[in-house]
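Those protein sequences? They're chains A and B, same order as listed.
Using this note's numbering, the first residue of the first sequence is number 1, and each one after it goes up by one.
Using this note's numbering, the first residue of the second sequence is number 1, and each one after it goes up by one.
FYI, nobody ran anything at the bench for these hints, they're computed from the structure.
Certain hints may be false.
Distance condition first, Cα-Cα at most 30 Å in a straight line; then the derived DSBU-like pairs of lysine-lysine [said to hold, decoys possible]:
1. A:K352 <-> B:K331
2. B:K331 <-> B:K257
3. B:K180 <-> B:K193
4. A:K58 <-> A:K35
5. B:K264 <-> A:K345
6. B:K233 <-> A:K256
7. A:K342 <-> B:K360
8. A:K303 <-> B:K303
9. A:K35 <-> B:K34
10. B:K233 <-> B:K303
11. A:K180 <-> B:K264
12. A:K236 <-> A:K331
13. A:K35 <-> B:K303
14. B:K342 <-> B:K329
15. A:K295 <-> A:K193
16. B:K264 <-> B:K65
17. B:K109 <-> A:K35
18. A:K352 <-> B:K72
19. A:K342 <-> A:K331
20. B:K174 <-> A:K264
21. B:K58 <-> B:K256
22. B:K233 <-> A:K257
What you are looking at is a predicted structure, and each value in this text was computed from that prediction instead of being measured.
There are 2 protein chains.
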Amino acid sequence: MSKQNRRDFLKKATVTTAAVAAATTVGAPAVHAKKTYTWRMVTTWPPHFPVLGEGADKMAEWIEKMSGGRLKIQVYGGGELVPPLQTFDAVSQGMVEMGHGASYYWAGKSPATQFFAAVPFGMNAQQMNAWLYSGGGLELWEELYAPFNLKPMPAGNTGVQMGGWFNREINSVKDFKGLKMRIPGLGGKLLAKAGGTAVLSAGGEIYTNLERGVIDATEWVGPYHDYLMGFYKVAKYYYYPGWHEPGTVLETFVNKKAWDSLPKDLQEIITTAAARSNIWMLSEFEAKNNTYLQKLINEHGVKLKKFPDEVVTTMRGYAREVLEEVGNKDKQSKKIYEHYLKFQKNVRAWAKISEIAYAKITS
Amino acid sequence: MSKQNRRDFLKKATVTTAAVAAATTVGAPAVHAKKTYTWRMVTTWPPHFPVLGEGADKMAEWIEKMSGGRLKIQVYGGGELVPPLQTFDAVSQGMVEMGHGASYYWAGKSPATQFFAAVPFGMNAQQMNAWLYSGGGLELWEELYAPFNLKPMPAGNTGVQMGGWFNREINSVKDFKGLKMRIPGLGGKLLAKAGGTAVLSAGGEIYTNLERGVIDATEWVGPYHDYLMGFYKVAKYYYYPGWHEPGTVLETFVNKKAWDSLPKDLQEIITTAAARSNIWMLSEFEAKNNTYLQKLINEHGVKLKKFPDEVVTTMRGYAREVLEEVGNKDKQSKKIYEHYLKFQKNVRAWAKISEIAYAKITS
């Protein structure tokens, strides 16, 4: 379209719209004069990263569709606009309007952030959702993020994660001694209790670190994602069950000022898109994990191994110690930790006679 | 507001809107002339029924909010506009635009509808979601409902249901002989195989039927809902685990013509609201069940009992027979049944080393 044509087109469009508006009477279509918002969302994931980044992309797409184009969100992979682990600060400071990640990345802001992502030997996806949506968990999370000018929402879940990739067998908790493993957050603290070294590596560096022997082991997500990461080429033993991340919540958060500037309809659209993203991500992982697990085993010779009971029991003991430490660091962490524990006790009593009892009669 | 005042107000509003529109230029707020839709949703639930009816109410509320009032949905309880079990026909025939229920109620239309609600000894909530959203299940469901001019969507889940209320102990499968139990769908067919009689009662009649001895037993949902229904006053034994409904999907459906008449933004709004309702309902049940279970046991003397292994094993055998029968009734049912089975096999292999293995180390 030439500049002149475009001007004519816009002029015509304006006139037409005005005519429609002038003709508005009772019963005729409502005419809304509404502002269009163009937002940016930074994420902790590589651009368009399977499921996690895809989920952020999809959420933005749903929001744009639902708002009829009134809220457009440009999604940035980690490092495209700010480094992955500056996502929280970038949104907190209002540099961009929205972020996407997992709250345990922000343990440096408050240890309590970890309770809203993954707790070793803690609640699974279904239970985390129950806590957040219907048990008062989300309100506590909002309280925790409020001083940072952020409004958080659950926006995804990985389900139970695998125990990780190891370049040697784990036959006893002693085998963790001296083990250098990429494992973030509370899981890393447990490993340290067992005499291992928790190494922090961004997603893109793990493969090389494992290949070069900088680390001996790594956890990641589950068979589908781990397959895409190619870890089977540099580690042979794939362990289950994961005890460190039993249902990791992915999050989205909005800068409070940006949120307050939105009309109510667009706020509701974001909230609802986040809930859809939550159920979509978990469904993707659940639907694909076994297919990729079989590929790993049958096409790539990966050895699927179960952690010995002794290892699990010892790590569970360490988990209690670590959680007590974290949950007593400050007043707010204590409040959240106690709320989490109380809800977990309740929901587990129910799981025992529902999900777990049912699993027993069908497996 | 008086009639004259209202006229003045509307006149003023029109003028103002026109002025805004006339002032529209590049960079200024966009002006949209959009139609307002007023729809009706009939449901299979009593009006504002806890969780199930509430979920329908909430979904309508979210849709209205997200659309800025452009799509208003009036929700009707079963019997308010049409009887509960005419929900499907009312929407199919275009009498109303939308419905809310559970697809096994429509087994009379096609036996395959049952695969989209609850399958005895079948998939749980998380697995059903994975099948529907990411495994091709929803596409099959759409295919099944298309000849009825309906577009279905998952919109809720009960989680694993309890085994039910009994006025006598179940010590062997022989105790099902002659037992009159309110249990719909495929579960009822299994009971019949065991020599019992499956009785159909609408929700509002179960209590009286149980009290008067018209039935000896009933299944319902889970502790929270069953408590509200008051069954503890007329039956003493409360059994687990439920084997008949391991993760019942609640549905919403839209008349195809009504759906096609909507602009894309409102379609996306409905789809997203249904997904939010799905995760919300399950969270409500999960968060509340144990509290009410404890009330039942501690305040009302209910005896919580576990079905003996022999009962479960026998019923599981019957389930295979019944599913083979249902899944081979016609070509489409066969296609859906085989797809369901294949997905179930896959997702269960994954559950064994994720959710189930994790449950074992934490319970």
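Against the structure, test the hints numbered earlier, and report the numbers of the ones violated in rising order. 1, 5, 6, 8, 11, 12, 13, 15, 17, 18, 20, 22
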